[in-house]
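J.: Here the protein sequences line up with chains A and B, keeping their order.
This note's numbering numbers the first residue of the first sequence as 1 and each following residue consecutively.
This note's numbering numbers the first residue of the second sequence as 164 and each following residue consecutively.
Derived by calculation from the structure, the hints in this document are not laboratory data.
One or more of the hints may lead you astray.
Said to hold, decoys possible - As a list, the in silico SDA-like pairs of lysine to any residue whose alpha-carbon atoms are at most 25 Å apart:
1. K27/A - N283/B
2. K27/A - G303/B
3. K464/B - G410/B
What the hints assert, rightly or not - Simulated restraints, written as ranges between beta carbons of each label pair:
4. G111/A - K547/B: 54 to 60 Å
5. G480/B - I146/A: 31 to 37 Å
6. V66/A - R481/B: 48 to 54 Å
7. F408/B - S23/A: 28 to 34 Å
8. R481/B - S23/A: 45 to 51 Å
9. K240/B - V84/A: 25 to 31 Å
10. M358/B - K27/A: 28 to 34 Å
11. S52/A - V200/B: 18 to 24 Å
12. A407/B - K27/A: 32 to 38 Å
13. H100/A - A183/B: 32 to 38 Å
14. T85/A - A424/B: 57 to 63 Å
15. V84/A - A407/B: 52 to 58 Å
16. G239/B - H100/A: 41 to 47 Å
17. N412/B - I146/A: 50 to 56 Å
Remember, predicted model here, so these are calculated numbers, not experimental data.
Note that CB positions come from ideal geometry on N, CA and C, so glycine has one too.
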Amino acid sequence: MSGGTTEYTIVEDGSFTAPLELSYPYKRTVGPVLSRFLTGLRDHRIEGTVGSDGRVHVPPAEFDPVTGAALTEWAPVASTGTIVTWSWQPSPVEGNTLQHPFAWALIALDGADTNLLHAIDAGSPEVLSTGMRVQARWAAEPSGSISDIECFELAERATGAAS
Amino acid sequence: MAERCAVIGVGQTHHTSCRADVSIAGLVREAVDRALVSAHMTMADIDAIVIGKAPDMLEGVMMPELWLVDALAAAGKPVFRVHTAGSVGGSTAIVAAQHVMSGVHKRVLTVGFEKQSDGNAMWALSVPMPFGMPVHAGAGGYFSPIIRSYIKRSGAPAHIGCMVAVKDRTNACKNPYAHLHEPDWTLEKAMASPMLWDPVRMVETCPSSDGAMALVLASEDVADAHTGPKAWVHATAMRSEPTAFAGRNQVSPKASEDCAADLWRKAGITSPIDEIDAVEMYVPFAWFEPMWLESLGFAPKDQGWRYVEDGVTEMTGRLPVNCSGGVLSSNPIGASGMLRFGEAAMQVMGIAGEHQVDSVRKAFGHAYGGGSQFFAMWVVGANKP
Numbered sequence: 001m002s003g004g005t006t007e008y009t010i011v012e013d014g015s016f017t018a019p020l021e022l023s024y025p026y027k028r029t030v031g032p033v034l035s036r037f038l039t040g041l042r043d044h045r046i047e048g049t050v051g052s053d054g055r056v057h058v059p060p061a062e063f064d065p066v067t068g069a070a071l072t073e074w075a076p077v078a079s080t081g082t083i084v085t086w087s088w089q090p091s092p093v094e095g096n097t098l099q100h101p102f103a104w105a106l107i108a109l110d111g112a113d114t115n116l117l118h119a120i121d122a123g124s125p126e127v128l129s130t131g132m133r134v135q136a137r138w139a140a141e142p143s144g145s146i147s148d149i150e151c152f153e154l155a156e157r158a159t160g161a162a163s
Numbered sequence: 164m165a166e167r168c169a170v171i172g173v174g175q176t177h178h179t180s181c182r183a184d185v186s187i188a189g190l191v192r193e194a195v196d197r198a199l200v201s202a203h204m205t206m207a208d209i210d211a212i213v214i215g216k217a218p219d220m221l222e223g224v225m226m227p228e229l230w231l232v233d234a235l236a237a238a239g240k241p242v243f244r245v246h247t248a249g250s251v252g253g254s255t256a257i258v259a260a261q262h263v264m265s266g267v268h269k270r271v272l273t274v275g276f277e278k279q280s281d282g283n284a285m286w287a288l289s290v291p292m293p294f295g296m297p298v299h300a301g302a303g304g305y306f307s308p309i310i311r312s313y314i315k316r317s318g319a320p321a322h323i324g325c326m327v328a329v330k331d332r333t334n335a336c337k338n339p340y341a342h343l344h345e346p347d348w349t350l351e352k353a354m355a356s357p358m359l360w361d362p363v364r365m366v367e368t369c370p371s372s373d374g375a376m377a378l379v380l381a382s383e384d385v386a387d388a389h390t391g392p393k394a395w396v397h398a399t400a401m402r403s404e405p406t407a408f409a410g411r412n413q414v415s416p417k418a419s420e421d422c423a424a425d426l427w428r429k430a431g432i433t434s435p436i437d438e439i440d441a442v443e444m445y446v447p448f449a450w451f452e453p454m455w456l457e458s459l460g461f462a463p464k465d466q467g468w469r470y471v472e473d474g475v476t477e478m479t480g481r482l483p484v485n486c487s488g489g490v491l492s493s494n495p496i497g498a499s500g501m502l503r504f505g506e507a508a509m510q511v512m513g514i515a516g517e518h519q520v521d522s523v524r525k526a527f528g529h530a531y532g533g534g535s536q537f538f539a540m541w542v543v544g545a546n547k548p
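Working from the sequences, and respecting the hints, build out all of it.
T.: Now the structure itself:
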């Protein structure tokens, strides 16, 4: 946590202001479902849970969005997919897996019924359009997190489904 | 005239310091599943959900009720979130009861939880505000001067806090869900426990727990048709007051006294110690047992500590207090108030197992929060009110 001596200032009208910075060391415990998903990513395997209506959720839903039932059936999905929508990030910030301009995108992986938020390394926004085919680029050193997919990149135009 | 309401389902997790094996959603769901089983229901039977937890800052997940919709099977159903700091588990159960007593819903699921291991509850609530005195004291540091004030005004001897602690830790050994199972405490050993915030010793403080508690509340027709045990809600009350104002009595806050008076009036109770068979009281620091005994009207002013010393609040005493082991033995903060409310209901339902008191007709559940400023209480009984 932060604390210590307050460095306050007095603005022209006599009001006092001071900074208040908060930070705490939190932990995240993701449970058995997301743990299996993250373990799979480490081994270059993407899988989702199958909902009561047959939809495949990626990332996996722990509980069915329709019935609330605990989901236990898994389905493998491909590391290729289609861009559903995207937005260009011209100025990457600390913590982004790519440190040069890239696109944020919702990606429908082949075999999944939900969209995955991830980065696309496309070089320039001019070459991007909704419906284009992408494929995962795996991180050189897996860590058991979503960034084990370093980013997606455009699939070969020849094999693409985009029109 | 409010509709009648009964607790027909109770479920809790095994409280412990770190449930690394489950997500918050999975933790909540464990308690919910157990409550539904005891209510002979499934998720599909539930009309509405009322959820509470202590400040979101404790785990750093803002508005977790939105994220938990799937785990609560709440899609398309009314969901109500309650925020009243440490008293929230009690307030949440009361709001859930009001969902039924209003006549709007017949089957309401309510749940309180905390995953303290995901955060840092001690310091998340002790923010050093600019221009204020940076105390860095935590909850124990906040309450210790209030306890000292109680000791001074009542003339209580120094060992009373340790007597409460030994009682609650011993009781907890009869509760398989309790976080601490420490059968070897004696008064002598407790008195040698390290002093953390004078006069509060380590043994007199609550643990930091992961856990959840869930209840199913039902309307009269649903409860009548339910073949399992049930506990009728006889009265509920809530009161709040600011943390600080001139003339504030922090040992026995006016909001506490007013809340209890309102509760006893609504429940038709004139002598709480004679009419209540089991008490589940919010005691995160041991000295609060005698303090609340007085504030709530169970004991005369300055005499609460004598009830402790005379064994009145032992499981075998005239007024058993915290047979479950209480907050001193399990403290998943957002669930702790609901644990008091639910354990009171369990005593009435006769399902408390080894920590069951014989022939409980009426039980009292209590929670407080913030700087002794938020209060929630209920009376549940075996007979219809």
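J.: Checking against the hints above, which ones are violated?
T.: 5
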